[in-house]
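Colleague: Residue-level listing of the chains:
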Amino acid sequence: MPVAQMTSAILKTFGKKPSTRRYPFFKRQAFAGARGKIVIDLPACIYCGICMRRCPANAIFTSIKEKVWTMDHFRCVNCKACVELCPKKCLYMETEQALPTRKRTGQGLSPKNT
Amino acid sequence: MAKQEIIEIKIEELLPKAKEFMAGNWRLVQICAAKLEQLELSYSFGKEHDLMTLRIILPSADVEVPSITDVYFAAFGYENELHDLFGINIKGNVIDYKGNFYTMAVKTPFKV
Amino acid sequence: MGNRTIIPFGPQHPVLPEPIHLDLICEDEKVVDVIPKIGFIHRGLEKLVEKKEFTDFVHIADRVCGICSFIHGMTYCMAIEGVMNIEVPPRAQYLRVIWSEFSRIHSHLLWLGLTADAFGFEALFMNSWKIREHILDIIEDTTGGRVIFGASKIGGVRRDISADKLKDVLNELKDIEVQIHECADVFLKDSSVKSRLVGVGILSKEDAYKLGAVGPMIRASGIPYDVRMNGYAAYKELNFTPVVENTCDSYGRCVVRIKELFESCRLIRDAAAKIPDSPLETKVVGFPKGEYFARAEQPRGEVVYYVKGDGTKFLKRFRVRTPTFANLPPLLKVLGGCQLADVPILVLTIDPCISCAER
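Protein chains in written order, with my numbering: chain A, 1 to 114; chain B, 1001 to 1112; chain C, 2001 to 2359.
By construction, these hints were calculated from the structure, which means they are not laboratory data. All residues carry an ideal CB built from backbone N, CA and C; glycine is no exception. Mixed in with the good hints, there may be bad ones.
[Said to hold, decoys possible] Going by beta-carbon spacing under 10 Å, a handful of chain C positions derived as facing chain A:
#	residue
1	Lys2052
2	Asp2137
3	Ile2148
Model the full assembly from the supplied sequences, consistent with the hints where possible.
Modeller: In structure tokens, the structure reads:
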């Protein structure tokens, strides 16, 4: 009766490198085309409100009277619908995810604006 | 592709039709309801690649609908869900949770 | 004749993978009766269809479940394409088949790991999930997300896989298959694994058909029912035969899932060899009017999508019937008369996915 069928697989692991990565010393590079955080080029935005109405997670708030655009990055589900629907093409998607912070808004400005 | 058909029947014909399908080796696929201008129930049965749906139009939500769990035991989950979400009155369910199948803050949310 | 005790099991328990609650009525270690309760994750997704347009609802349909996510999105697109009579181009059909089979491979590897964890074999659990990490890397490289693919669109697919990338993917799949062979040998031949699985949870052929079981539950009881034989997407051009076993117990269901892993690898290779060149999508014009039932084969069984529209941009009714909801009556039948230590394995043998079952 075959017992301890896994011995050969276990013995082989002694000769190989570990399969896990030693984070935070080595971080993984994201693949090209991976879906991550949304950033906006604020001077080009016309506050039309299309992204706010069509977002599946209701994560964007924008108002043409107060000229404000904010996004709650912890509600965003990274679906890329807003990027495709924007008429002025001022929304972009990066390959890295949003970092953990204490405030819910404020990560969305592109580095060109700050 | 396989064929799908929808047939309209009355409430009294539901149990005899279910017994006919059971004898003909059809299995229960799903039961659902839709609230448009009136309440519509759809009972779907499948055999190999074909799908046959029986449609019942209810005049109001208080009308009693007989349960088919004596014939198809697998229907108890769907009928509890119809009662919890739409408020439909199903009589004779073999396993009846009496409104506690789903825990929700608002009772019968789909009735509106 | 012993004393009767009622033991509550779930929804939070170290060995239970999904939030289902079972009240087990036991007589001295033997389970006599079971009262189930679900409903802890009801999100009301079917009511959300009145607020979001039918083109945006694909993103929500993708997120009904985390493990079988791509096939949910694809079946929603198939239902709307059936109502509006849209023809999908051939390259999009083949890409849908390739991504569906990757989804099936990663789901079955996840199930193998959880089953090993349920009877205490942690080293095998970690080994299966190590292989699964390679599959998730391939999926992220081709679609953009590890678990939620986001690759479906009404009328086609959202992105393409170039010919070079397809060659790299096939090379990696060859190494992965060798590793899967080693891992599967432990499940199929080791005597300690067999003593926990053989003869446990017997579901006879008539019971399986009458109670409405779907997926590997019914295929391990000898009935060859698989929705891929209908020939949706590109399955009619690839020779497909379902995997059937006759043992009717948990060991048979394990064998069915392992053989489906190798069948999926073969389907991906065949599809990559035959994939034609064509545009990726057809444009959608107008609004859906009418009703339609669409069915597809998820890793857990048959999923049914019912869509009803009346000519405006919001759908009137949307209904999902997932395979776990259909497998609950067989679960109650199989749990009667088993030993208490077998309960986690029997709950896992239907491959529960409770977030699908109560959207």
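Colleague: Indicate, hint by hint, whether the structure satisfies it.
Modeller: Hint check results:
1. At a threshold of 10 Å, the smallest CB-CB gap from C/Lys2052 to chain A is about 6 Å, leaving the interface hint in force.
2. Interface restraint check for C/Asp2137: the shortest CB-CB distance to chain A comes to about 8 Å, inside 10 Å, so the restraint holds.
3. Taking 10 Å as the C-beta contact cut-off toward chain A, the hint placing C/Ile2148 at the interface holds, the least distance being around 8 Å.
Against the hints set out earlier in the document, no violation occurs for any number.
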